[in-house]
Amino acid sequence: MSEARAFSAQGMAVRTAAILFVFVIIFTGLLSAAYLWTKPSIEASAAEEKMKLIDEVLPRAEYDNALLQEAIALPPTPELGLADASTLYVARKSGQPVGAIFEAVAPDGYAGKIRLLVAIRANGQVAGVRVVQHKETPGLGDYIEVKKDKNKARPWITQFTGMALANVSDKDWKVKKDGGRIEHYAGATVTPRAVSKAVHKAAQWAAANRDRLFAEGAAK
Amino acid sequence: MITRDEFQTIARNGIWKQNTSIVQILGLCPLLAVTTNAVNGVMLSLATIVVMALSNVAVASLRNFIPHEIRIPVFILIVAALVTVVDLLFNANLHELYLVLGIFIPLIVTNCIVLARVEAFAAKNPPLQSTFDGIFMGVGMLWTLALLGGMRELLGSGTLFGGIDMVFPSLHPIQLLPESYPGFLLALLPPGAFILLGCMIAWKNWMDARAAERARLKPPTPVEALGCH
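These protein sequence lines are chains Y and E, in that order. Just so we're aligned: 47 in our numbering is position 47 of the first sequence, and the numbers increase by one with no gaps anywhere. Just so we're aligned: 17 in our numbering is position 17 of the second sequence, and the numbers increase by one with no gaps anywhere.
Treat the hints as calculated values from the structure; they're not laboratory data. Note that the structure is a prediction, hence the values are computed from the model and not measured. Check the hints yourself; a few may be wrong.
What the hints assert, rightly or not - Take a look, some chain Y residues computed to stay more than 10 Å from chain E by CB distance: (1) N65; (2) A71; (3) I72; (4) P75; (5) P76; (6) A83; (7) E103; (8) D108; (9) T137; (10) K152; (11) K177; (12) K201.
Claimed, not checked - Footprint (simulated), chain E over chain Y, 3 or more residues, beta carbon under 8 Å: (13) 12 to 26; (14) 29 to 38.
Quick reminder that beta carbons are idealized off the backbone N, C-alpha and C, glycines included.
Bound conformation, chain E alone (with noise of 0.2 Å):
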């Protein structure tokens, strides 16, 4: 079925080698429309998450059936056919919730992370791998939105996880920075989104910078644990 290795190797993927919002840098559209608060961008993720997992396994069953040359209208027709019943099912199933998420579903469908999945993964893998693809790429992709999200809200408007209480009626929007606070549009504004996205990448590379540096230089640890100095 699935091997240890291969699981990791989706999971290692989809957080943080692959990320989609900071490594392959895809579905920008909804990032920045939807990050002004870490609230949002946690439920468009929730919401991607299952739309990914369902249209990855979808395309991974059928993928024997669908001809090459036909496969992204086909794909197109899954994804939108799947998001559409989604929609229906949350609608009719989990009222409560959808009042909250209703407006991130048909985002999902201008999100070109859910094509991009199916084309490059589950269109050439069996369907509990791409599965865990689909799962694993939404959950880097929720970390890095809320995050985004978090850091927008912060500077915008001093604020952290504002509308959360249309998720959970008890709970409220932490006033981090003082009410007098005087706010900074930009963050919240798109060009805003570009900056703080670009400050996110440029963190990552260096943090893959630093770690290849440390693995270069392993060899010489076990001297040290020897305490020569």
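For reference, chain Y alone in the conformation it holds in the complex (with noise of 0.2 Å):
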């Protein structure tokens, strides 16, 4: 009697435990098949995001080839701030090089790193900056980011479009409170001033490696 019991509590647990083992490879077949139908359109999106962001900086008329597909791998750059490893983007136009396209953190905001995408073309000028990242004071120190400046017309960030290291002398990079040209809001300078400091910084990298950014990506 005990035995047959002791049976039938085996029977009922093997049972049991090929149900839910039925669950599982339900759900997570259930899963894969919505992974894998999923991705090439996440993936799609991802890099779409990704293009918006260096159409801000780059536009798209100036460069014909597939950036995202010729990305380099940058070693950590520490001139650029980069404590860890990046990619760097450089676009062509009938295989010439015109810019590169990289990543700068300003490690002195008023709150933390600020995180910048940085274009600079092949002559050296910058095609354009813009904010990734930054956990600087809302309302105070976060006009760098275009979408939270209150000046639509022309974002304080623009500022640095077409600026070159061939026109603008060294103590110009710099906000006007230290003598510089960079305009800022009264009240939050140290937000500017380590932005400032990060472009004028990704200027003087890429004319330092001129030519192994622009020459070597031409021989590709």
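Join the two chains into one complex using the hints; note that each chain is given alone, in its own frame.
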């Protein structure tokens, strides 16, 4: 009697385990199917999002290569404030390099690091700068972000567009308060100062690595 | 299929009588974290409505195949799988909306309302009823979270619908109190959410008590109607 009960309890356990197993298989299958089915469009939208940001720093009309496919791994670069490896994109028109797009970090923001995306043309000119990530004070220092800038016609960050080491002297790559030519709102100087310094450094880095950036790419 | 009466009971239970946030007091974790403004509250609720309707209909359809002893692990499996599938589908097909709702969808997994409704309702009722239960429980959550978020936002920073520009870029938050309003940080922090939620529960109980009182006092009304004072 007791043996029979033990057997039926065992049978019960096996049956229950089998049912649970079937459920796990079905729902894992459902998950994998959903993952595989959505993967291409998720990747496409991630790439599109990236391109949207790149479009803001370098107009698509200026180059004709498939930018994202020509990503170059950039090792940690202290000159750009990058402690980790990042990606650099070289824009080309008919095979000729026209610009480089890379990340730069301003380590001395008011509240930690400010991550920037910088595009430098082959002639050394800044094509555009955008803030990718920051923790600056909302309503005070966050005008470095185009979306938060009250001046919609000419957002603060667009001041860097067109600046080049050749036509802007070193002391001008600073906020007005420090004797430079970068306009800024009163009250929050630390934030624009950090960004200006980082953009200046990015321009200097691009100039110093000009041959490597724009020639090595051409060989490809 | 579903009678009018059944439907009304489900709707009334979800929206008022069994309201998840102010009666069942379930899912406080996302509630406290998210309701710093009305828009966030509404967005989380919308995502929850989708997941609750789906998980309720899935469990109700499979309820006869799930052994009683292992129902909880199976429910968790179903809810977790569905949340992930919804997350992936949103990301793939409604990317713009995903950028807004995205952070809320994983939060739903931490929400015990979903599991509670699956266990309390969907495991015992047919799929159609269960779907409506999921939807109306979500609607109940929606108005509660919107109200709580709106109150916290107004008290905390003097605005209403902050973050609406994330959902509809053409709209802007409304500054209800003057710009000089210093803000009331407590309302924006979790303790403020607890206090305001307590006030909402008290208000709900007061409404119910008043309704009960009215029902008790109903018989004299015909006399009044006759105008004999």
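Closest CB-CB distance from T137 of chain Y to chain E, is it above 10 Å? With a cut-off of 10 Å, T137 of chain Y remains clear of chain E, as the shortest Cβ separation is near 14 Å.
Looking at E103 of chain Y again, its CB stays over 10 Å from all of chain E? 21 Å, holds
Does the no-contact call for P75 of chain Y survive, Cβ to all of chain E over 10 Å? 31 Å, holds
Report holds if the minimum CB distance from A83 of chain Y to chain E is greater than 10 Å, and violated otherwise. Answer for A83 of chain Y: holds, closest chain E Cβ roughly 26 Å.
Over 10 Å from every CB of chain E: does N65 of chain Y meet that, or does the non-interface label fail? Given that every Cβ of chain E is farther than 10 Å from that of N65 of chain Y, nearest at about 25 Å, it holds.
Would P76 of chain Y pass as off the interface with chain E, using Cβ distances and a cut of 10 Å? The claim stands: P76 of chain Y keeps its Cβ more than 10 Å from every Cβ of chain E (closest is about 29 Å).
Taking the minimum C-beta separation from K201 of chain Y to chain E, is that value above 10 Å? The assertion about K201 of chain Y holds, with a minimum of 31 Å to chain E.
Please count how many residues of the segment 29 to 38 of chain Y have a CB within 8 Å of a CB from chain E and say whether that reaches 3. holds (count 6)
Just double-check A71 of chain Y for me: nearest Cβ-Cβ distance to chain E has to come out over 10 Å. 22 Å, holds
Can you confirm whether chain E covers the segment 12 to 26 of chain Y, using C-beta to C-beta distances below 8 Å and requiring at least three such residues? holds (count 6)
Assertion that K152 of chain Y lies outside the chain E interface [Cβ separation over 10 Å]: 12 Å, holds
Non-interface label on I72 of chain Y, tested against every C-beta of chain E at 10 Å: At about 27 Å from chain E, I72 of chain Y clears the 10 Å cut-off, so the statement holds.
The structure agrees with every numbered hint stated previously.
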